[in-house]
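**Q** Generate the whole structure from the sequences, applying the supplied hints.
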Amino acid sequence: MRDGIVAEFDGPDGFERAFVRLRALGYTRLRSWTPYPVRAVVTRLPESGVPWIMLAAGLGGASLGYLVQWWCNAHDYRLDIGGRPFNSIPAYIPIAFESGVLAAALAGFLSILGLSGLPRLYHPMFEVDGFERASVDRFWIGVDGSDPRFDERVGEVLEASGALRCQRIGGAIAPARSDVQP
Amino acid sequence: MTSAAIDSPLDVREEPTGGEAVLLSRGTDLELTDELLAPLWRPWPRLKYALAATGLGACALFAALTYTAITGIGLWGNNIPVAWAFAIINFVWWIGIGHAGTFISAILLLLEVSWRTSINRFAEGMTLFAIVQAGLFPIFHLGRPWFAYWLVPYPSEMGVWPNFKSSLPWDVVAVSTYLTVSFLFWYTGLLPDLAAARDRAPTLRQRRIYGVLALGWRGDSQHWRHYRIGYLVLGGLATPLVLSVHSIISLDFAITQLPGWHSTIFPPYFVAGAIYSGFAMVVTLMVPARAIFKLGDVVTRNHLDNIAKMLLVTGWIVTYAYLVEAFMAWYGGNRFEMYTALVDRPRATYAWVYWGVIFCNCVVVQALWSRRVRTSPGALFVIAAFIQLGMWGERFMLIITSLHRDFLPSSWRVYTPSWIDWTILGGTCSFFLFLFLLFLRFVPFIPISELKAMRRELSEAARAGRSELAELGDFAGAGESGGHHA
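Residue numbers (our numbering), protein chains in the order written: chain Z, 1 to 182; chain C, 1 to 486.
The hints are all genuine.
Simulated restraints on C-beta separations: (1) C:Val-152 / Z:Gly-82: 16 to 26 Å; (2) C:Gly-143 / Z:Leu-45: 50 to 60 Å; (3) C:Ile-292 / Z:Arg-44: 38 to 48 Å; (4) C:Pro-202 / Z:Ile-93: 46 to 56 Å; (5) Z:Leu-110 / C:Arg-42: 26 to 36 Å; (6) Z:Phe-126 / C:Cys-59: 40 to 50 Å.
In case anyone wonders, no lab produced these hints; they're calculated from the structure.
Even glycine gets a Cβ: it sits at the ideal position worked out from N, Cα and C.
**A** The following block contains the structure:
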């Protein structure tokens, strides 16, 4: 988020109240930063695509694992081991399974990062005063400046909900009332 | 969970002796975070001695491995017919130890067991370092470790491929997959805590290091959206993976024709044994760490109690497997099987190993029926040491006795390990502890974000006054009633 108003809360309760109120007032472009997932927020987010990516990668990895074994031992250089079939399905299952798990896990890790826009070591939010507590015990809400209902009164709503402070970030408009120190 | 906890929603406190709480800390989230991050910043005056001691052991390991690589594995006690010996015993033992880490972090995650939360990171670290030790053995047992890449199907000039109908390439894939997935799962779980470490770091240098490691994690709702489900599915993947890895390793034995190995009981028997020894290792590491870092309020007696119950359960599965093994050998009527299971193991050269294993794995663990023993860190530590020894002995018994006397009496031979074997075994223990100390020093080893989330959940549940609250507090069936009766 580059432009908008962010507010800091000292606990999940006030944060949840503010979040629900903003939603009720019709704000849609809301962002939040919390030390751990908060129910009111995460249950309203659209479903993540990560599991589907992992499923596809897992199936692909397993097929590739099987194919490599078949190609090596049953196609390119046929190995007769104790008269067993060249394409011995039971013997090829363990590696196919493991390759599937490996591919799915790699895809899972990379897609969690990729879809979250990470790694990204610098972010404008890090410039906001006090934001370093967002990973510890403070809960932050941001209303994006591009929200159709966005105006300076958002800050008042947030402060009425118990925000410790509101900050205007980016944009050309002067900062809203702030400096309510904890 | 008693009503005391329900009265004070933000304070999920229980008396330490009550044994039901999974989190005793009363402080704020900030205090909890700082308390759990403190080992990263605080100087450790005696750390350098511990690191020097374990590092010296690790050097002995590398020296012994180098000596082996340039001379050959004739330096080991291995002979024909006992060609597997220490290398495979240690390999199976270390891999098994790793399994409890995955069990705690993945299977208990899926079962929504709340006592997992304080100890999962710790157990995952244990898993990673145990796999590293395990991986050394098969590679050096190849004799020419520099050709280890032959196990991988790369397009070689020679135009030959590995034989995938053999269980040995299965091992390669299983162990390397296990290492990779364990690492990814561990690192994914670490991200929010690395971000907290970045934001609380006292110096700029530490802030930069943890900043890079945290990959820019901000706790954004978009991060949590993908992270929560992704972490859960990774746990779902790790669950069949951990069962498959030791099953595949057991197939190294089970698909051979040797008496004492050629048995369908092997996969579940090995998996249970692995989790048994792994939980013992969790105790071995956790009890001292808990005392040193004063973690009594996040790793409560309830955790010890639950781990002890897991030891008891897996101990009985292992005991049952021993009984079935002997019974099937007798019932199957095969002369060679009967000889191995009923004469060679209990009455011949290595009988003392066999009875030692029975004592360590089946007898000592029965002390855990007592709740007092289960919640006493000292007693648990001693029992865990017996189990480690017993599980190592079990692999010794399985591998050596089946090999040293097989079908042909003229090829029978006694096996004695050499001093290099012992150096390598001791060296891996040192190297493991060395890595683990570094992990304790530099990584937030109690999942901070998860603990805060759990505390929030518990207080929400307490406010809602939901009856399933009791389930959040305990696992292993006993719940609150079982605990009080004992």
